[in-house]
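Given the structure of chain A, go ahead and fit chain B onto it with the hints provided.
There are 2 protein chains.
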Amino acid sequence: MLIGKVVNTNANWLAKKITEIGGFVRRITDVRDDLSEISSAVREALKRGTEWIITSGGLGPTFDDMTLNGVAKAIKRPLKLNKQAYQMLLEKYKEMFERGILKSLDITPERRKMAELPAGAIPLRNRVGTAPGVLIKFGRQRIACLPGVPAELMDIFENELLPIIQKSIKRVYTTERVLIAKDVIESALAPVIKEAMSKHPEVYIKSHPKGRESGVSIIELHITATAKSSERIEKEMEQVVQELKEKIVALGGTAEQ
Amino acid sequence: MLIGKVVNTNANWLAKKITEIGGFVRRITDVRDDLSEISSAVREALKRGTEWIITSGGLGPTFDDMTLNGVAKAIKRPLKLNKQAYQMLLEKYKEMFERGILKSLDITPERRKMAELPAGAIPLRNRVGTAPGVLIKFGRQRIACLPGVPAELMDIFENELLPIIQKSIKRVYTTERVLIAKDVIESALAPVIKEAMSKHPEVYIKSHPKGRESGVSIIELHITATAKSSERIEKEMEQVVQELKEKIVALGGTAEQ
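For the protein sequence lines, the chains are A and B, in the order given. Using numbering that gives the first Met the number 0, you'd call the opening residue of the first sequence number 0 and step up by one each time. Using numbering that gives the first Met the number 0, you'd call the opening residue of the second sequence number 0 and step up by one each time.
Possibly wrong hints are sitting among the right ones.
Derived Cβ-Cβ restraints for the label pairs, each shown as a range [as the list claims (entries may be wrong)]:
#1 A:Glu242 x B:Lys166: 46 to 54 Å
#2 B:Lys166 x A:Glu219: 32 to 40 Å
#3 A:Glu230 x B:Lys209: 43 to 51 Å
#4 B:Thr8 x A:Pro77: 34 to 42 Å
Lysine to any residue pairs mimicking SDA-like chemistry, simulated, CA-CA at most 25 Å apart [to be verified]:
#5 A:Lys93 x B:Gly251
#6 B:Lys46 x A:Trp51
#7 B:Lys102 x A:Ala249
#8 A:Lys46 x B:Ser35
#9 A:Lys15 x B:Ser35
#10 A:Lys234 x A:Ala249
Partial list, derived from the structure: chain B residues whose beta carbon lies under 7 Å from chain A [unchecked claim]:
#11 Lys15
#12 Val24
#13 Ile192
Keep in mind the hints are simulated off the structure, nothing from the lab. Each residue gets a CB set at the ideal place from its N, CA and C atoms; glycine is no exception.
Bound conformation, chain A alone (with noise of 0.2 Å):
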């Protein structure tokens, strides 16, 4: 991501199913593979308070592989040989040992790496790579690391994280739309947009200026409502696009769903 190289997808997977389950993601963070960034990047989440921290790569065997390490030491706790951790890699390696893809069954210090958690953390199961996943409980927060690569993140985070998240975040409803704005420019929609959210407290407007196409400006207004009732959320949301869709008239524009 540093280098422009990679679009860091896996953040925005995590956002994605995070919000879906009514979780409220707060901040993404890039670092490099350096041992002080990664943990002063978890300290600092720590002290914001954040609930949950993700970290996502650098639970491999390569040296540049040091998120354990940089959560170890933003929480001050040693790494030590997690067993429960150092079972699940041997189960793989005898696993690829007899298909043929591993040449030697040695552990050596590179793979038991891979084990070594910080201490109390509990190892998260693995089904589609080698190393497992990490949980940690800090006081009442949680930290929880996933590997890079997209298909081993996305297998341990659904079949092991996501119940644990889900039983943490409350059940609200959330429902969305799209209006698309032409020929009013944004600083005229402006107020239009603060007037409904002062009238509508449950409903969030997000306007994305998309620039212009063939001199007509073009407006996204992403529209967010969330509450506990679905049937309340539904009908609040039908009545705010009805209005803005009559001031955009109103303002000389155009406005479609």
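Frame of chain A, contents of chain B only:
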């Protein structure tokens, strides 16, 4: 980004540009349109001693465009109407009015807001959109605020910011190579990478496991070398690539460039 709808392509584009001119991107942070989140992210980056902090988005006229507010809070400076920025806005609105895009020339509070910059800031001309970019000197540190619309961000970065940033970066030569290792698993490759890097201190090797293709493990090696002479660096790179290839073959794998 934080709800998984948008991928942060702006950050990626900026990281690529900055790396190309020899800069070092230390961290990428996505925050919500929330005043205290924005100011805490800026404050944390200043505290870490970051030389250049570049923000994108949140310069427009709507209520949730609050980047300048957040930055002002972080550096404890008031927002003030900046005459130069106001002049830039007036020119834009006049032009839009004359082309019939704008129905009125009124400088509403929403429009005026885009010219209210932290005290002492320098506006950066936006040739594509309305809101000017902003450059702030904070001791020896610099904060640049760019719009979120990619075409506007790119325009201001290339034409206004890049010349200033380039002056503050020492010239270095960088060369890159990608090597695809097949049929060798990452934990077997790890000591080979470690050895190559300790033998060639100007070289950095990052391994990206790409999963399996019909049972064959595939690992992409990104090799970067940095030095002050372009000739020397190419020679060094050639040598590293040759050594890696031989080692991969010795491990029973194949290596392709």
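Take the C-alpha atoms of Lys102 of chain B and Ala249 of chain A, compute the straight-line distance between them, and say whether it is at most 25 Å. Roughly 12 Å between the alpha carbons, so the hint for Lys102 of chain B and Ala249 of chain A holds.
Using the beta carbons of Thr8 of chain B and Pro77 of chain A, state whether their distance is inside 34 to 42 Å or not. holds (40 Å)
Starting from Lys46 of chain A, check that the Cα of Ser35 of chain B is at most 25 Å away, please. holds (14 Å)
Does the Cβ-Cβ separation between Glu242 of chain A and Lys166 of chain B fall within 46 to 54 Å? holds (51 Å)
Tell me if the interface restraint on Ile192 of chain B is satisfied: Cβ within less than 7 Å of some Cβ in chain A. holds (6 Å)
Are Lys15 of chain B and chain A close enough, Cβ to Cβ, to be under 7 Å, as the hint says? Since chain A brings a Cβ to about 3 Å from Lys15 of chain B, closer than 7 Å, the hint holds.
Holds or violated: Lys46 of chain B and Trp51 of chain A, Cα atoms, limit 25 Å. holds (24 Å)
So the hint says 43 to 51 Å: do the beta-carbon atoms of Glu230 of chain A and Lys209 of chain B match that? holds (47 Å)
Taken at face value, is the distance from the CA of Ser35 of chain B to the CA of Lys15 of chain A at most 25 Å? Between Lys15 of chain A and Ser35 of chain B the Cα gap is close to 23 Å, so the pair holds against 25 Å.
Pair hint Lys93 of chain A and Gly251 of chain B, alpha-carbon separation not exceeding 25 Å: holds (19 Å)
Given hint Ala249 of chain A paired with Lys234 of chain A - CA-CA distance at most 25 Å: Distance of about 23 Å is within 25 Å: holds.
Just to be sure I understand the hint, the distance between the Cβ atoms of Lys166 of chain B and Glu219 of chain A should be within 32 to 40 Å; is that true here? holds (38 Å)
In this structure, none of the earlier numbered hints is contradicted; all agree with it.
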